[in-house]
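Participant: Now that you have both chains on their own, put them together as the hints suggest.
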Amino acid sequence: MWSRRQGRLRPTVWSAGVYGGSEPRVLGCALRKARREQQLVSKRLLRDDAPEEAGEGCVAAILGETEVQQFLRQAQQGTEEKEREGALVSLRRGLQHPETQQTFIRLEGSMRTLVGLLTSNQALLQLEAARCLHELSHSEQSTVAEACLPATSYLLTYLSGHSSDFIELCLYTLGNLIVESEAVRRQLLPQGIVPALAACIQSPHVAVLEALGYALSQLLQAEEAPEKIIPSILASTLPQHMLQMLQPGPKLNPGVAVEFAWCLHYIICSQVSNPLLIGHGALSTLGLLLLDLAGAVQKTEDAGLELLACPVLRCLSNLLTEAAVETVGGQMQLRDERVVAALFILLQFFFQKQPSLLPEGLWLLNNLTANSPSFCTSLLSLDLIEPLLQLLPVSNVVSVMVLTVLCNIAEKGPAYCQRLWPGPLLPALLHTLAFSDTEVVGQSLELLHLLFLYQPEAVQVFLQQSGLQALERHQEEAQLQDRVYALQQTALQG
Amino acid sequence: MQLPPALCARLAAGPGAAEPLPVERDPAAGAAPFHFVARPVRFPREHQFFEDGDVQRHLYLQDVIMQVADVPEKPRVPAFACQVAGCCQVFDALDDYEHHYHTLHGNVCSFCKRAFPSGHLLDAHILEWHDSLFQILSERQDMYQCLVEGCTEKFKTSRDRKDHMVRMHLYPADFRFDKPKKSRSPASAEAPGDSGERSEGEAMEICSEPVAASPAPAEYPLPSALVRVPLEDLKATRRKPNNADRLRKGVGGSHHCWAWHPPWAFLRPSGVAALGARPSPSSPSLSLSKWHQQLSSEAVRDPQILETTWTHYWEGDVDGLSPPAGPTLRMYF
Numbered sequence: 001m002w003s004r005r006q007g008r009l010r011p012t013v014w015s016a017g018v019y020g021g022s023e024p025r026v027l028g029c030a031l032r033k034a035r036r037e038q039q040l041v042s043k044r045l046l047r048d049d050a051p052e053e054a055g056e057g058c059v060a061a062i063l064g065e066t067e068v069q070q071f072l073r074q075a076q077q078g079t080e081e082k083e084r085e086g087a088l089v090s091l092r093r094g095l096q097h098p099e100t101q102q103t104f105i106r107l108e109g110s111m112r113t114l115v116g117l118l119t120s121n122q123a124l125l126q127l128e129a130a131r132c133l134h135e136l137s138h139s140e141q142s143t144v145a146e147a148c149l150p151a152t153s154y155l156l157t158y159l160s161g162h163s164s165d166f167i168e169l170c171l172y173t174l175g176n177l178i179v180e181s182e183a184v185r186r187q188l189l190p191q192g193i194v195p196a197l198a199a200c201i202q203s204p205h206v207a208v209l210e211a212l213g214y215a216l217s218q219l220l221q222a223e224e225a226p227e228k229i230i231p232s233i234l235a236s237t238l239p240q241h242m243l244q245m246l247q248p249g250p251k252l253n254p255g256v257a258v259e260f261a262w263c264l265h266y267i268i269c270s271q272v273s274n275p276l277l278i279g280h281g282a283l284s285t286l287g288l289l290l291l292d293l294a295g296a297v298q299k300t301e302d303a304g305l306e307l308l309a310c311p312v313l314r315c316l317s318n319l320l321t322e323a324a325v326e327t328v329g330g331q332m333q334l335r336d337e338r339v340v341a342a343l344f345i346l347l348q349f350f351f352q353k354q355p356s357l358l359p360e361g362l363w364l365l366n367n368l369t370a371n372s373p374s375f376c377t378s379l380l381s382l383d384l385i386e387p388l389l390q391l392l393p394v395s396n397v398v399s400v401m402v403l404t405v406l407c408n409i410a411e412k413g414p415a416y417c418q419r420l421w422p423g424p425l426l427p428a429l430l431h432t433l434a435f436s437d438t439e440v441v442g443q444s445l446e447l448l449h450l451l452f453l454y455q456p457e458a459v460q461v462f463l464q465q466s467g468l469q470a471l472e473r474h475q476e477e478a479q480l481q482d483r484v485y486a487l488q489q490t491a492l493q494g
Numbered sequence: 001m002q003l004p005p006a007l008c009a010r011l012a013a014g015p016g017a018a019e020p021l022p023v024e025r026d027p028a029a030g031a032a033p034f035h036f037v038a039r040p041v042r043f044p045r046e047h048q049f050f051e052d053g054d055v056q057r058h059l060y061l062q063d064v065i066m067q068v069a070d071v072p073e074k075p076r077v078p079a080f081a082c083q084v085a086g087c088c089q090v091f092d093a094l095d096d097y098e099h100h101y102h103t104l105h106g107n108v109c110s111f112c113k114r115a116f117p118s119g120h121l122l123d124a125h126i127l128e129w130h131d132s133l134f135q136i137l138s139e140r141q142d143m144y145q146c147l148v149e150g151c152t153e154k155f156k157t158s159r160d161r162k163d164h165m166v167r168m169h170l171y172p173a174d175f176r177f178d179k180p181k182k183s184r185s186p187a188s189a190e191a192p193g194d195s196g197e198r199s200e201g202e203a204m205e206i207c208s209e210p211v212a213a214s215p216a217p218a219e220y221p222l223p224s225a226l227v228r229v230p231l232e233d234l235k236a237t238r239r240k241p242n243n244a245d246r247l248r249k250g251v252g253g254s255h256h257c258w259a260w261h262p263p264w265a266f267l268r269p270s271g272v273a274a275l276g277a278r279p280s281p282s283s284p285s286l287s288l289s290k291w292h293q294q295l296s297s298e299a300v301r302d303p304q305i306l307e308t309t310w311t312h313y314w315e316g317d318v319d320g321l322s323p324p325a326g327p328t329l330r331m332y333f
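These protein sequences, in sequence, are chains F and E.
Just so we're aligned: 102 in our numbering is position 102 of the first sequence, and the numbers increase by one with no gaps anywhere.
Just so we're aligned: 314 in our numbering is position 314 of the second sequence, and the numbers increase by one with no gaps anywhere.
Just chain E, same shape as in the assembly (with noise of 0.2 angstroms):
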């Protein structure tokens, strides 16, 4: 298929239009037995049209396996360790580095020093464990924030908020980004420590006896020597998971449990001044943020906050969008 020379230049050159040559149509143009018509061409998603595409696109998906097997082994360097106070692990390979990190030092509370997996559940965990503004106005309006991102839905309670996730948002009703906050009863027997007294490298939360339909915590537990508790009514004692009702349980029996604390267990005595919350600008919704904003913050947070601007859906709650109707199909070729 031989080009005109031109035609490379014409790409090359600016845009334009040509300026059309005169229409002049003749009604015997279409009549009968002649029915040609110009008119532009829709193919539907199942169109057998597309078929030759289709096969060449998961081909070239598929062939993405035998180009995974050229991928490098991962670079190894001399050993380091994490340069962040307190932890020691040992790392000889950037890319693990670079994922504990993100993971256990990326969205730390300044308060109790738990990682969250994200911004937007640290913001969630500040509020709700460290500002008692919050606990005080939770008590006259909803103010427990679904965790899902978009959802905009508050509720009363924590446990409140656990049901809707649980009923609207089918999360697990074990999920561990949702604890509610510990009470201050040291004896809490199905309370597992959430002052962070635990040793390095134990899972999270786990403890001998289920407790049905809690949420689970929501952070990793930091190395002990790190751990402080900086506020006095925090300073509830932890039961800490031993080795032994972990080998009872064998490998199916892990349970995650969680307590449920009322929320009277958060109020503090200390006054607001004491609280040093951090800003939460991904939250604007809250009536709280602003003025938080304003207090001293030590906070150390992952300065990339993901913002979502997305309304809440699931299924069923679609407004005012119908289904599309048919394709006209014309079938020209």
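For reference, chain F alone in the conformation it holds in the complex (with noise of 0.2 angstroms):
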């Protein structure tokens, strides 16, 4: 299954890029002001390069006032079929061009004219005009996606119907209209976008599936989504079939499936009914999927498993948080041990491919250790300390993280705290000492104190490792002092 990769996930050609030469990280900065500034838009393009009529350029010319009204007119009063479709092209080639997007809809009657090719009876005329959408919804002006609004409910209508081809391009456009205009989303809602999706996820077909979930994730990205979209995604039959396009399985597809996952992420971190998720079986699914990528990540090379990974990790760890997750009597919904297994070889897969994810899977494993002695005592007996620790020069973020971890099973007492020592552990704190960030060594303070707490042997070991001297170091720091003193206090009389 994993092996398959149809659809659009494959190796991105960037995950080398963007961490390696300086140009891609010039890239990623600005994409992550983008983000801050929320700013980040994404949008997808289906654009059909093959060639058709010989002798057209390989680049299409940018087309004039004049040129839009003659092609227009060639498709709808046309004699000949291929000559009206053959208009229609050129039209859609023109249209990738900005200036031409601006001409096009500041033509009177323009969109009407295209609407009416739209729902025309020639199904190829109207495929052509589908795609001549398509192409304006990639605009990046609002005015052009606002120009489209006429064509918003056919859109919608044809997601009934049963041409796969044409509803995948619908679903397409519409994502990106989506995206760009909060005027469309205004008018899509009451249009019924909703139930036509909840009625169109049933499709058989790959493509369709993995073209709504990306229209989809545009409408939950949406800033009015908690209030406006989710509660009504919610009461639909849709997080029911999202989550069983996630079930690990010979159907499971990664391109629907990253989809639906990233689907699942915006509803989930908006907080708007998650006890809802979780009684639909949520968590179990969800876990089953990480245990299915666990697997998958150490038979397939480099299949852009973290793309499916990263939504996955963030629904678990949010989901976790919700008070419904525990049943009666305090224990876990998910309980199953091979979790934390799967977690540790994605944590080292990210560690390899993918270290910037590495936060993102610490934020997990706090999450299902915090409150679960069952996981603490897992990852002690299934010797996960040491890979643990092997995070710490990652980075501080990550190296807070570990350490947090760390302190969640330290904390929950001498029985776990003689597991942690004697061991690799000791060396390592003396070492993240040694960091300048406050936070990692406050971090380490915190865990000092509990390893000294219930396994008060440590003590001498420390003292002879020149614990008093690392510990000094930080005695000024305004954050830390407190704490420093008061392990120097111990120390010494220890």
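Check before you lean on any hint, since a few could be wrong.
[Unchecked claim] Calculated lysine-lysine pairs in the DSSO-like style (CA-CA distance at most 30 angstroms, straight line): (1) F/Lys299 - F/Lys353; (2) F/Lys299 - F/Lys228; (3) E/Lys181 - E/Lys154; (4) E/Lys74 - F/Lys251; (5) F/Lys353 - F/Lys251; (6) F/Lys33 - F/Lys228; (7) E/Lys154 - F/Lys228; (8) E/Lys156 - E/Lys181; (9) E/Lys74 - F/Lys82.
Hints in this document: simulated from the structure, not taken from any laboratory.
For clarity, every value in this text was computed on a predicted model and none was experimentally measured.
Facilitator: The following block contains the structure:
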């Protein structure tokens, strides 16, 4: 299943690039800035570059007003079907240019004509008209997206049809329009986009499902989504279908699963009604998917699986914070120890291929271990402390998270601390005490405190290994000095 | 990062939870100046923590543009004609044929041969156009169902329904898939033909004068060779749009206009036995459907009926769902 990469989930060209040379790093910075400013707009463009007529230039020219009018007229009134189709193809090529898009939307009656062609009885004209709309949907100008408003009711109507290529096109077009303009979303919701998607999600076509997931993910990312969109999504049958698409097994399609995993993430992190999702079995489905991912990561070479792992980790982590997770007796619904094994396999994969995702994996580990003696015991019994410590040098953020997980274990008492010492923990702590980052050092001090409390024998070894000197380095630091002093006293008295 | 060799074996083995070691906390653990408390952490939507993963997601989506360049050209086959009786379209690519078939032969009314984009719209058409019991009942109760999937509102007339769709669902006033049934009178100047007598290749319902605020027809007219008018009272002549009209309009001037016909025009003199209405399993709320299933049907119908169980929603009508409380962000890291 994982090796059959259909659809668009393929090894991404950038994964080596972004963290490699300097140019991609500049791109990465720009994107992070865009994300911080909430300007990160992702759109999909299905551009059919199949060479059609011979003699056409490789690069489509910008069309002027006369040419746009001419092509529209030919498409609408031509006598030969091929001629009409050809006119729309030429128009579509021109619409790849923002200038042509602007010319088009400023031309009176142009959208009306295009909508007329979109709803014509000539199937291939209809398809070409839809492709023209799709080009327009890719515009970065919200005025262009808004110019497409007259077409939306038809795009939605066609989602209930049966031509899978056409439905796919309509979905990507809708997804692009949704992300560009709030006016479009304000119209699509009363026009019934949610029931249309709920009906369409029952399609057996993988390409349609992937497109639907994309469109839905764009809808869910809208700023007004928590108040205006997510409640109706949750009230529909969409969540159950989404979870079905995420169930591991022979029917799981990675491209489709990626889209719906992101959809789920946007729903869950909006915290509208997560208990409902837990009631639908989200935790166990996602847990099983995590196991599956870990298995796949071991077998397949760079299948882009981190694209699916990321949202799954986020969903699980956020869901684990819900009170509904606890059943009677305070037992977590997610109790399978294999989840911890799977998570570490993924952490290793991230360590090698995608270090920026380590914090997300460690976030899940924190949420698993924080209130669970069982998972803490698993980490000990599966010998995962040493691998965890190997992550300390990666970055300050990762260090803090690793130390936090270790604190989760240590705070459960002497039975746990006995298993943490002797071992590589103390040398690792002495090493992190040498860091300059205050948060890393602060977390190290917390861990030391717990270790000294529950495992007093560790104090002697600490002193022997120049622990006091390590502490002294930080005794002037405002945020640390009280704890440094307290530990010094413990060590000297012990 | 080295993992213990037994880990993979553990993953492959069956489910299970570790028997937890005994928990025994000392109150001094949380005593000042130390403040560690084990707790799960929640990150809300826009949190900076998600930055890296979000950027990667964005690049993945953008990357599709590069990948699409690899999409192979549509495979061409020797030209073949559509096999549906009366359809003479020729194709040289299977994808094109698939789209043509689904569009024009997918959801076809067996009475008037009109094709619809979805089973839902076909159902509504058959009920409203070919079911005399519907017409009788519609005089006493609201029968015209809103065409937006999931909306359960019903109306006395198709005009009321159209007003509802325009007002509540923001549908265009000239929505093409909501054509009211035409009158019997042959000389209706504003009525574009709806018996399907038009030549292949014409766009829908183009006529010279716009009729404001009238709904559009639903069908894709089929080649005249195929069309027959099976029922006496639907034999109203249609004004066939001509090229002269279109040319007069120019590009920006094509108008799609539809006639409004009073409900009495739809009453049939003949009995219900001649009806042969097809069952409409996707409209269980209509009291007619079960009764009509008993009647014989020659309906050509795409078997894939998309059922929806969605409840109606539009802006301003969200019941009982308050906005979420502010996220409890516990910034631990």
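Participant: F/Lys299 and F/Lys353 were given as a pair; does the straight-line alpha-carbon distance stay at or below 30 angstroms?
Facilitator: holds (14 angstroms)
Participant: Compare the distance between the alpha carbons of F/Lys299 and F/Lys228 with 30 angstroms, and conclude whether the hinted pair is satisfied.
Facilitator: Answer violated: F/Lys299 to F/Lys228 is near 42 angstroms, above 30 angstroms.
Participant: Tell me if the straight-line CA distance from F/Lys33 to F/Lys228 falls inside 30 angstroms.
Facilitator: holds (27 angstroms)
Participant: Keeping to a limit of 30 angstroms between CA atoms, is the pair of E/Lys154 and F/Lys228 held or broken?
Facilitator: Between E/Lys154 and F/Lys228 the Cα gap is close to 25 angstroms, so the pair holds against 30 angstroms.
Participant: For a C-alpha distance cap of 30 angstroms, please report whether F/Lys353 and F/Lys251 respect it.
Facilitator: Satisfied, since the Cα-Cα distance of roughly 27 angstroms is no more than 30 angstroms.
Participant: Are the Cα atoms of E/Lys74 and F/Lys251 separated by 30 angstroms or less?
Facilitator: holds (26 angstroms)
Participant: Going straight from one Cα to the other, do E/Lys156 and E/Lys181 come out at no more than 30 angstroms?
Facilitator: Holds, at roughly 14 angstroms.
Participant: Can you confirm whether the C-alpha distance between E/Lys181 and E/Lys154 stays at or below 30 angstroms?
Facilitator: holds (17 angstroms)
Participant: Given the hint that E/Lys74 pairs with F/Lys82, does the C-alpha gap stay at or below 30 angstroms?
Facilitator: holds (17 angstroms)
Of the numbered hints given earlier, the model fails hint 2 alone.
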